[in-house]
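From just these sequences and the hints, can you work out the full model?
Protein sequence lines correspond, in order, to chains S and D. Start counting the first sequence at 1; every next residue gets the next number (full-length UniProt numbering). Start counting the second sequence at 1; every next residue gets the next number (full-length UniProt numbering).
These are calculated hints, taken from the structure and not from any lab test. Do not take every clue at face value.
In the SDA-like style, the derived pairs of lysine to any residue whose C-alpha atoms are separated by at most 20 Å in a straight line are [unchecked claim]:
#, chain 1, residue 1, chain 2, residue 2
1, D, 486, S, 611
2, D, 720, S, 280
3, D, 274, S, 348
4, D, 727, S, 279
5, D, 584, S, 551
6, S, 567, D, 507
7, S, 584, D, 635
8, S, 567, D, 617
9, D, 567, S, 371
10, S, 720, D, 115
11, S, 584, D, 621
12, S, 720, D, 280
13, D, 720, S, 235
Next come the chains, spelled out residue by residue.
Protein chains: 2
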Amino acid sequence: MDYSTSLLRLTFLALGAALVLIVARSAFRLPLAIDAPAASFLHGAGGCTRFSPWACRSPRTEKSPPRRPSHESDVPRHPLDPLTVTEISRARDLLRAHPPFASAPSALAVHALALDEPDKPAVRRWRKGVHALPPRRAVAVVRFQGESHVLAVDLAAGKVAPLPVPASGYPTMTMDEQNSLCAAPFGDPAFNATIRRRGVRLDDVACLPISPGWYGPAEDGGRRLIKSQCYSTEGTANFYMRPIEGLTVLVDMDTGKVVHISDRGAGIPIPAAKNTDYRGAANDDDDGTDRFGYQTVRAPSMEPAPEGPGFQIEDGHTVRWAGWEFHLKADARAGLVVSGATVQDPDTGARREVMYKGMASELFVPYMDPTEAWYFKTYMDAGEYGFGLQAMPLVPLNDCPRHARYMDGVFVAADGRPYVRENMICVFERYAGDIAWRHSESPITGMDIRESRPKVTLVARMAASVANYDYIVDWEFQTDGLIRIKVGLSGILMVKGTPYSHMNQVRQNEEMHGTLLSENVIGVIHDHYVTFRLDMDVDGADNSFVRVEMARQDTAPGESPRRSYLKATRHIASTEKDARVRLKLYEPAEFHVINPTKKTRVGNPVGYKVVPAGTAGSLLDPEDPPQKRGAFTNNQIWVTPYNKSEEWAGGLFVYQSKGEDTLATWSERDRPIENKDLVLWYTLGFHHIPCQEDFPIMPTVSSSFDLKPVNFFESNPILKQRPTMEKDLPVCAATA
Amino acid sequence: MDYSTSLLRLTFLALGAALVLIVARSAFRLPLAIDAPAASFLHGAGGCTRFSPWACRSPRTEKSPPRRPSHESDVPRHPLDPLTVTEISRARDLLRAHPPFASAPSALAVHALALDEPDKPAVRRWRKGVHALPPRRAVAVVRFQGESHVLAVDLAAGKVAPLPVPASGYPTMTMDEQNSLCAAPFGDPAFNATIRRRGVRLDDVACLPISPGWYGPAEDGGRRLIKSQCYSTEGTANFYMRPIEGLTVLVDMDTGKVVHISDRGAGIPIPAAKNTDYRGAANDDDDGTDRFGYQTVRAPSMEPAPEGPGFQIEDGHTVRWAGWEFHLKADARAGLVVSGATVQDPDTGARREVMYKGMASELFVPYMDPTEAWYFKTYMDAGEYGFGLQAMPLVPLNDCPRHARYMDGVFVAADGRPYVRENMICVFERYAGDIAWRHSESPITGMDIRESRPKVTLVARMAASVANYDYIVDWEFQTDGLIRIKVGLSGILMVKGTPYSHMNQVRQNEEMHGTLLSENVIGVIHDHYVTFRLDMDVDGADNSFVRVEMARQDTAPGESPRRSYLKATRHIASTEKDARVRLKLYEPAEFHVINPTKKTRVGNPVGYKVVPAGTAGSLLDPEDPPQKRGAFTNNQIWVTPYNKSEEWAGGLFVYQSKGEDTLATWSERDRPIENKDLVLWYTLGFHHIPCQEDFPIMPTVSSSFDLKPVNFFESNPILKQRPTMEKDLPVCAATA
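In structure tokens form, the structure reads like this:
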């Protein structure tokens, strides 16, 4: 090795190290650390650990920081409240003292540490002010010396006990890992050399940690792996539009070492930075005027509300509005969790159960390009990256309206220390100008009737930014008992570099795997699936699943001038396989979760139905490795008997999972589900063929499904809603 | 005939006549007549005619009537402006003077009188202030002495010329007919006797005119027929919930005479009035308090807007907001018509064509009960009843938000006189708390980015009450170029009387044709289809239709670790049959209308795509008479070459039509559609199995579809939208 090569390597290593520091430092800006006094309850050692950049920053010195609720003194007040800062610290101490971790506690990496929710009967029984909280327990997923562990932590008794570990796969990456793995390629001289050969400065390079899927033991080699792909940040914050195409760096996640570099796209230019930045500040070089008068939007409904919001959040998590009451919390993996949703019966005033727990359980995002640098992109965002971990603070006035209230998340760094994700969830009342119900009489009846009622709803929202993509998840509660669950897609496409700058350069029938969005940029076709776990308890835990099938019925000769009509037939699903549904437009059905033991006055079983809207189904070969791992998307609807351990549709460990432990495998057991405590699963899907309007950042595309009362109430529960009168509305005068 | 029978008959006749008078008088309350000064331009005779209750009421004497825009002095200012009051009066004079009508002008019944829109090239060329208006013409559909006529009326030249008359079917009923036919059964002693036998007082009876469909010449007898079904109004304004079941009165519409009475349900009780009234005033006997705190709704966005709305309506019909400009008008048959929709290009400022004309063309609402009193209920609400005629004045603050602006309709009574339908359309800016686009950077990239933009849209709305049902139609324009067309269903179910008061009385497998909603009330299963005619002109009149089909592509052995991916293939439809689409979840596609001669900078054809959301397809036998008439619902998507005469998907005359002249028959001609001026048709469908929550009035159920730019803009057109800052929002103090 000659001197100049050594020097070069040394230089690159130094640059790489500098980049690590830069990345690490800038990461400090974001999550809110527990401020200085936290030291008193953060029982671990003082200084930084390699894991927890967020727990060790210096006290705030910003001028007039906004007043934040303190989480240091949080205490649990509801059985489902997430672990508090104090509880996390206590769990951390217990884990670090647990053999064999006690031998080297700084080598312990906490991948998940969350409330082990008390048993469902205890939670359903619990009443505030009447019962004490059930004992607080946590469940932890950790890595230690190359092994995964799952542990039960009894916070009161101070005990830690091992739980079974899944047969395949690895835990969700920690944020610290994702952070440090961004820098891993820079430690490899060959990587730095190829970057240089492409004419890119190393400090203009940003790499993303991309989960590799699982494609057999030969590729896997029994190791925990990540594939790094890199982009040029030169000239734009939207580096996603500047891929260094064809370069994939395989890194061993446990050692941080580069295992392999695949470098195939040397001839592909890096797309230009021009017109890619989306930040308001970046567009300040614009002349500042709104040339065509529509880049500044305002609406009357952004106005002040002198009376303030009409909902309450009690004890930090219990939301009350209109007839609804539910528990709302942030979760590192699921994002936003709605529990214990009950609605008040307008006739009796009784509080009635609807849903024990609802959340996004897993996502599946396969890209549709089988080539070397793309085939593995088949993300499971919740289990691989943490859907909640990636939910950044919401932007007031833009992500949520003026009168929203915000809720923080308390999460756990890799070293087990708590940190606060500010403003992760918002809650607001929504009035979109819609009509709750109406009727006018036509003049032909001679009745002068004009009755109409405005629709106001309550929304709980989070927005997760899983690297480039942004997912907006809304839980919207209506006064008529309907719950709408909506997923919006925005953010930035994952794009592919290409030599082409115009479609006339592309050969007839050449496979592009996407759309040419701009010069040298292809937006690659992909799907999104979001699978929701909906533990329905309709007027009690034991429910049944009914398919109300609609089919053409032909009339008998002479029976009627009509030849045909649509007939509805009810089928109660007795076992899991009976309750697998692939939607078909011309074989329509309604899907009810009923309580077979509770009837309305005229004898219909009370129920809620899941109402699909626009959706998509996966077309991949069921035996394709990604589809086996994502087999929970094989149907739009599944029903399973309640099982506390079946929470994550892709399995507890989905990272490099083989698909051995998914909703599809559980359902294959075909357990009885009639008049049982059951869980409904619904998958919302999108096919996305990108178009130029998605460049450089995508206008939001949304879809939703509803949980809707069906013979749950005796009659329209908002019949007596009062009309809005002019006198009910505040009169304001602009001040100053 | 003995004396007592004669007396009884006489009494019934007198009662019937009284009822006619009551119905007619009360009908006077609703539509706004042209006020007293109108007499000066209403060129016809002074007093009431049998047709026009609305044109002859006495001058207003209400205290402080709201200030309404005067329509007497309206003049057309845009080629597509609807006929003005003056023009309608002129057309009426011309028609009444036209032989043979001149012989008996009072026998002339005007069923439709509307603008004959100028030829499309002339309208597309026209510029305000540059060109004079094209000559104003009208098209009239009239009945005279038992015959239908279609006539072209040249307003300037004062000429009337006959046009071809459809081979089958009859014109849309006039409101006057619908009004007078409500009373027709009361002229028949046998009807009155059966009502009496059922224990109902005659003045508690209200009858609805129900279009009979068409079930062969034997049933038809070459006559224009209506089927009247009746309800008890005793104790409720919601008489729809009190059917006098099984009683169907067949009336000859031209003579007003009862032809046949079918009376089969004598044993079926009339459901009770209790709990059926939905009017706020009817619930005043409630204790007035909001017992459970959710029957009074308010939201911050109902607040005042000191700055007022951000859109303009110029010359009464041209709406301008953000980048959008379009012409908006009320139409007696289609309801709400959007024309000449153009959007401004954010890069060039150029105004670009999107859609020449969009409207609801026809509805099809088949009920799913083949029995005697129900089989014929297969409504086509636009062509039979007039979707616009049935759109009543909107209720401020409840149907539309506080800051909405309203637009009136000017329609034509049966005697040809104009009348005003107040507040038929509203226009408002909508801010629902949604996000136009967003991206946050994860801490792993070290970039502290939080960019988000709120979504504000513009809605044009109408709500048609076709007897019991209410249809809310929204055209929503987004700043990113998307148009969402949404249909909401509310109002009151069409229900069936039944002896059952509890489901335990119903035999296993007994066909109910619906759901027991309350004692003695079945909500009958039905479908709704709304077919929209969308004359797309994407950057010019000549466009092509492209199906971008997504299908599984298997990889070759050894090609990739992936076995499969989703591949998109573009198919340009050459003729109409190529462009018929029945949606399938597992055979997905995108549906683009492109301009094949206009390309983006990188060479993609500019386009708009139609994006279905939740919908339903008709399951009826294609040879079933109603489905033949409603054959335009056989596909979700059709494309036809532009033809001015193909506006109404069920044909010009759908009343008792045989299905000879529908979109399906036009499409069968299989005309070329590639690079032609083409029209896109989309049908939005709903299956409705009623549930108890729909009683006594239905919470709104909605579905929608989108017209969305696809490579129409070079990039995201709202990239430069400014974020909302606190300082941008008004600060208000509540006054007094």
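Quick rundown of the hints versus the structure:
no.	hint	verdict
1	D:486 - S:611	holds, 17 Å
2	D:720 - S:280	holds, 7 Å
3	D:274 - S:348	holds, 17 Å
4	D:727 - S:279	holds, 19 Å
5	D:584 - S:551	holds, 17 Å
6	S:567 - D:507	holds, 16 Å
7	S:584 - D:635	holds, 15 Å
8	S:567 - D:617	holds, 14 Å
9	D:567 - S:371	holds, 13 Å
10	S:720 - D:115	violated, 43 Å
11	S:584 - D:621	holds, 18 Å
12	S:720 - D:280	holds, 7 Å
13	D:720 - S:235	holds, 18 Å
In the structure shown, a violation is registered for the earlier hint numbered 10 alone.
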